[in-house]
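Please model the complete structure; the sequences and the hints are all you need to start from.
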Amino acid sequence: MPTTAAQAKVTTGTSIKTMLQVATPTNRMMTLIAWGYSIDVPPATTGTGVVELLQTDVAATVAAHAASGVQPVDPNLPASLMTLGTTSTGYTASGEGAITGTRIFDVVQVPGLTAGGDGINPYVYQWMPDERPIISVSKFLRVRVTFSAAVNMSCWVVWDE
1 MPTTAAQAKV
11 TTGTSIKTML
21 QVATPTNRMM
31 TLIAWGYSID
41 VPPATTGTGV
51 VELLQTDVAA
61 TVAAHAASGV
71 QPVDPNLPAS
81 LMTLGTTSTG
91 YTASGEGAIT
101 GTRIFDVVQV
111 PGLTAGGDGI
121 NPYVYQWMPD
131 ERPIISVSKF
141 LRVRVTFSAA
151 VNMSCWVVWD
161 E
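So in our numbering, spot 141 of the sequence shown is number 141, and the numbers just go up one at a time.
Keep in mind that the hints were calculated from the coordinates and are not lab data. Wrong hints could be hidden among the right ones.
[What the hints assert, rightly or not] Computed spacing ranges between beta-carbons, pair by pair:
hint	residue 1	residue 2	range
1	Asn121	Gly101	24 to 34 Å
2	Thr86	Thr146	20 to 30 Å
3	Ala98	Pro75	35 to 45 Å
[What the hints assert, rightly or not] Straight-line distance between alpha carbons at most 20 Å, and here's what the computed SDA-like set of lysine to any residue pairs gives:
hint	residue 1	residue 2
4	Lys9	Trp156
5	Lys9	Ser68
6	Lys9	Val108
7	Lys9	Gln71
8	Lys9	Leu81
9	Lys9	Val124
10	Lys9	Ala66
11	Lys9	Val157
12	Lys9	Glu52
13	Lys9	Pro122
14	Lys9	Glu161
15	Lys9	Ser94
16	Lys9	Val70
Cβ atoms here follow ideal geometry from the backbone N, Cα and C, with glycine treated the same way.
Here it is, written out as structure tokens:
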């Protein structure tokens, strides 16, 4: 959550990496409303980067979010019940875990600079009400990236509990 400083960007690294993870508890699902990301420069290589929004059955090891970083869209709502912790809701994974099942909700290819892409335009997607994916209980929503050259990224997800 940005306070006296701007929201921090996080490096994507050069192999597959979960940038943001949200864990549903055993008694609550979440419905996706929108998601997006921005990067500060296009990947400086040929080919493309890939940004995925998906549900997994196994947690990545992440830097844990504080409760203040998981904010409801409506300020009159109670605090989120999403599970917080280093294997729950957080960002910038240090380990991906051994995933055995996924559900893909969106995949974006980001052209590298030498492949003719500018890549720095922000990406935003909002589902129509009847299209919104539902994340099951005890599952993990991830924004995951694969770039061959590291860039800095900011990403976000909006959901309803």
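**Prompt:** Is the straight-line distance between the alpha-carbon of Lys9 and that of Glu161 20 Å or less?
**Reply:** 26 Å, violated
**Item:** Pairwise hint evaluation, Glu52 against Lys9, where the allowed Cα distance is 20 Å at most
**Value:** Holds - the C-alpha atoms of Glu52 and Lys9 are around 18 Å apart, at most 20 Å.
**Request:** Determine whether the Cβ-Cβ distance between Asn121 and Gly101 falls within the hinted range of 24 to 34 Å.
**Result:** 32 Å, holds
**Asked** Hey, Lys9 versus Trp156, does the alpha-carbon distance stay inside 20 Å?
**Response** 11 Å, holds
**Asked** When you check the alpha-carbon spacing of Lys9 and Val108, does it fall within 20 Å?
**Response** 19 Å, holds
**Request:** Verify the proposed pairing of Lys9 with Pro122, using a straight-line Cα cut of 20 Å.
**Result:** 13 Å, holds
**Prompt:** Given the hint that Lys9 pairs with Val70, does the C-alpha gap stay at or below 20 Å?
**Reply:** 17 Å, holds
**Message:** Please verify whether Lys9 and Ala66 have alpha carbons no more than 20 Å apart.
**Reply:** 17 Å, holds
**Ala98 versus Pro75 beta-carbon gap, inside 35 to 45 Å or not** = 39 Å, holds
**Prompt:** Holds or violated: Lys9 with Ser68, Cα cutoff 20 Å?
**Reply:** 18 Å, holds
**Request:** Using the beta carbons of Thr86 and Thr146, state whether their distance is inside 20 to 30 Å or not.
**Result:** 22 Å, holds
**Prompt:** Is Lys9 close enough to Ser94, meaning Cα to Cα at most 20 Å?
**Reply:** 16 Å, holds
Violated hints for the displayed structure, listed by number in ascending order: 8 and 14.
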